[in-house]
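Going down the list, the sequences are from chains A, B, C and D. Heads up: the first sequence at position 177 corresponds to 176 in numbering that gives the first Met the number 0, and the numbers run straight through without jumps. Heads up: the second sequence at position 150 corresponds to 149 in numbering that gives the first Met the number 0, and the numbers run straight through without jumps. Heads up: the third sequence at position 105 corresponds to 104 in numbering that gives the first Met the number 0, and the numbers run straight through without jumps. Heads up: the fourth sequence at position 115 corresponds to 114 in numbering that gives the first Met the number 0, and the numbers run straight through without jumps.
Keep in mind that the hints were calculated from the coordinates and are not lab data. Fair warning: there could be bad hints in the mix.
The list makes no distinction among identical chains, and a pair is therefore deemed to hold if it is satisfied within one copy or across any two copies.
To be verified - Taking lysine to aspartate or glutamate pairs in the EDC-like style, the calculated list, with each CA pair at most 20 Å apart, reads:
no.: 1; residue 1: K31; residue 2: E294
no.: 2; residue 1: K291; residue 2: E78
no.: 3; residue 1: K295; residue 2: E78
no.: 4; residue 1: K306; residue 2: E78
Small disclaimer: the values here were computed from a predicted structure and weren't measured.
Read off the chains here:
Protein chains: 4
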Amino acid sequence: MSINSLIEDIIKESKIHIRNGNVATYIPELGKIDKNILGISITDIQGNIYNAGNTDVKFSLQSISKPIVLLLALMENGEEIFNKVGMEPTGDPFNSMLRLETFDTGKPLNPMINAGAITVASTIKGANLMEKINKILYLVRLLSNNDTIKINDKVFQSELRTGHRNRAIAYFLKDNGIIEGNVDDALALYFKQCSIEVTTKDLANIALVLANDGVDIKSNRRLIPSNYANLVKSLMLTCGMYDHSGEFASTVGFPAKSGVSGGILGVAPRKLGIGVIGPALDVKGNSIAGIKMLEKLSDVLDLNIFK
Amino acid sequence: MSINSLIEDIIKESKIHIRNGNVATYIPELGKIDKNILGISITDIQGNIYNAGNTDVKFSLQSISKPIVLLLALMENGEEIFNKVGMEPTGDPFNSMLRLETFDTGKPLNPMINAGAITVASTIKGANLMEKINKILYLVRLLSNNDTIKINDKVFQSELRTGHRNRAIAYFLKDNGIIEGNVDDALALYFKQCSIEVTTKDLANIALVLANDGVDIKSNRRLIPSNYANLVKSLMLTCGMYDHSGEFASTVGFPAKSGVSGGILGVAPRKLGIGVIGPALDVKGNSIAGIKMLEKLSDVLDLNIFK
Amino acid sequence: MSINSLIEDIIKESKIHIRNGNVATYIPELGKIDKNILGISITDIQGNIYNAGNTDVKFSLQSISKPIVLLLALMENGEEIFNKVGMEPTGDPFNSMLRLETFDTGKPLNPMINAGAITVASTIKGANLMEKINKILYLVRLLSNNDTIKINDKVFQSELRTGHRNRAIAYFLKDNGIIEGNVDDALALYFKQCSIEVTTKDLANIALVLANDGVDIKSNRRLIPSNYANLVKSLMLTCGMYDHSGEFASTVGFPAKSGVSGGILGVAPRKLGIGVIGPALDVKGNSIAGIKMLEKLSDVLDLNIFK
Amino acid sequence: MSINSLIEDIIKESKIHIRNGNVATYIPELGKIDKNILGISITDIQGNIYNAGNTDVKFSLQSISKPIVLLLALMENGEEIFNKVGMEPTGDPFNSMLRLETFDTGKPLNPMINAGAITVASTIKGANLMEKINKILYLVRLLSNNDTIKINDKVFQSELRTGHRNRAIAYFLKDNGIIEGNVDDALALYFKQCSIEVTTKDLANIALVLANDGVDIKSNRRLIPSNYANLVKSLMLTCGMYDHSGEFASTVGFPAKSGVSGGILGVAPRKLGIGVIGPALDVKGNSIAGIKMLEKLSDVLDLNIFK
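Whenever a hint applies, use it, and build me the whole structure from the sequences.
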């Protein structure tokens, strides 16, 4: 069976799960998306791209921005970022503050939880917010090979208005000396990176660079140092799917990062880049049909890295 | 460079780290081992075995028994074990009780923490303790291809006498309805499985079966169903090295499980099985020189599964 | 209005609340009591005793034994008991383990939570369990002026069979070095002290000694040193009513200690001793009608010590 | 011995403890006070006032403002404030966030911890910050019978600049729906109430109103309803001295509230009002010499309400 017909079938089969999920509403602007949207794009090492379903719908990166901004921070400052944020997975929900405090260091456990990602954002260098967000945008455009990508200002404004919990986390980090600069600036940058709008095609392109050890398959140019690509993929595997990460590693078996917009970026090393959209979420905040699609895909195309 | 000379070099280079580690003393019998011991055995898919350092020293499995007994539980009862224990990693130290209670379910987060492993042990079927431990011993002998493996009774007695924290965990699990049978029996079985004595050669053989998708390379006989092998390898990667698991996944990048005796079982899928001993532990309870050896090995032999 | 008719009225008025409560069932033997039982006994400094409702029903002390055994421990060893257990109240439910671990010391927060009371029991001196429980019984009989008080063996056996959570707590305390001797012995003594059977009259007599600064009103003999009596009364006020203690102090305003059998011992310093039984409990484990009776009593007789 | 010579002696004896304490530095402006200051004022029901030591030194109320603003909230809105904040004590340090989250409700445990006090401040009604703080100032002036009391703007600015942890707490409360209005406004009011400047004489006067059931002894005018006075005194006893509250209740035995400026307001019901200043704090944040003075005073003047 061709990949095209495979993913068409997977889309069809997986739609049934949408009814059991719900669109995220805690950021009001996210609540407006159609929960029936479902799409998948796949890129391979040979340069092919395969699309099925709603692959032209735009959605915000949300937490999918976390591994990308981590890559930028690593390229800017090297591994010293890990003086401020750990690498350890956690079974906690994505927005927990509990763990911050029970650990003596006050260091967020990893860069994939909000506390860790806000910390990472706070280390991005730049004269002002504009300069910093432009660096992030530049990297997203470079990795996705899409210069038209931009920020959805309505989503940004919506996050800015309602992000009280992230604000609480950020002030807690400030109090612990983890955030060194201005808290409002760090939060604004974090909300901006979450509001970058992409399609599944963009995600598949970004994922392909990671799948290909950090090297662009067309130009053969290295965009990301190999060790940083590995590090980010390992963090995606251990912490990328909120408190479903362990189960996802067991059943799907490749690095992925989800966002509450319903997007998932998946990486099958040396094989495929994958982008998924499906705004209906399960209770843990992952695209409910999206996960089903990735389970099936891993199974049929033998993508489990543990096998 | 041949693998033999590579691992001889690695042993030499890594000895320097021993001074920064300490032998575990909370189980008195473990405190008697020589902290300068260091050994590594490697098996490959082609049937070769390579040894360097103290590869004939016997040591108890301790937490390395956890993935093995989980395999037995899966083969006995299938995935219904996950009704009683989760799959999610945790940044907690190995013997924490805190997380048990903060989660509504009372379910241990995963089978690699003590609470999870005691739960798994409590589900092993058998008329009595002897029958149950014999099943475990049979599986260890089968996977290691070594019929002489047995339990170190001194270690077992030492654990039995001093395992107050595990006893606390077990009664907590009983109170929550997670352990259904007798608590003392579950603990005795758990202490027995921890007291099984092996060498690095045994570990490398066991690891090779996992590396080869559950199939014995000599007989070509399937010893473990493929999906259970994958599942256990993914749990080793996300939770196998205590609260260093995330960092180990980032820097070494393959599934491994350590024990407080200083052993580490490492699996490079489709490539190698690895057994390590080095009783000097770091603050997180992992062999301090053992981890250095695996970092080097992964780097030189390109074993990172995320690459 | 006379006290007799006042408490008759209070019994009548308060019965309506019984329907909103439930008998404790986690100790099976406790589940057999009639939830409609309601009784109150009051003793005063002048030597009068007033009874209304079911004041001859026998019930086990349960947590009401905690302040009494603390008095014994203080009289045996002085305030060094507070090297092993704190004096700080907690908003936690009565059987929480969480707080044990989040505090660095491993010391239970106070002697009114189970962890603290088991610790206190473990310090009682004696050649064997019999000698220790006899000391406790002797003190209960002395304070209540009732030599017929004894242990309900069915309740004791029931606690022994089902007390898994207390067993977990005790092994945790052993692991932390808080319990020095044998865990099973400490638990047996604790379960025995909880199983001592009394009536509301006994409670009112015990309470009167505390109300009278530790001095028996009839013989004028000092049974408890004044400072220990004060200390125990202050701990009853801050921690005596589980996680309703703060609200009880605000609305009733005198020291009291409840048990899951439905008993409450109340002390109005320099005024009254009070004993209550009402096995229908609220969600926090206190007698639902009993609390209403004490609120009314405090109001009418002006017993609030803060006023 | 007269009260005057008693408190002169107590001041002399207690100075020795100052060396073991330290001035609070987390609010930079507080760090500038002389740690050797020590003073005590006592008012009695007969209208006498006794002073010893530095009773004219001005210091900011800090947490001593908490019971006063709670009284205002109660007089404005009645007990419905307890829909937003609990009454239960906690053994946690004063600025903990942990407990906020482990309780399902998201409600702060009591009005004496920062989270609870910020919540109480957020409910004070008024057209703007000025109107609200004027209400608080009016009540402080009324209770202390001192119209010259005002806010120390340097302290206020210092708190505003450095109060990241309180800001974190406030946004967390906002996220949980506990704070309904603007977070910055609630924080500004809270920081203002903490910055109100008083002397020990003012504290003794305020305390005397509480000691006298809410009635001004000179005018015989009721300033606070009796039940609100009782309620606040019981909360001071169970939660007023941070995580030393339980021990303070056991050793001193009357309601008190301390602040990190080194002030303590103490209430001996029907007897005395007490004001203390001693900026050298113990590790729990209470005036180290101040506590010693109150222990002695309680002992000599028989002020323990449990006796």
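Results for each hint:
no.	hint	result
1	K31 <-> E294	neither (27 Å within a copy, 48 Å between copies)
2	K291 <-> E78	between (35 Å within a copy, 18 Å between copies)
3	K295 <-> E78	between (35 Å within a copy, 18 Å between copies)
4	K306 <-> E78	between (30 Å within a copy, 18 Å between copies)
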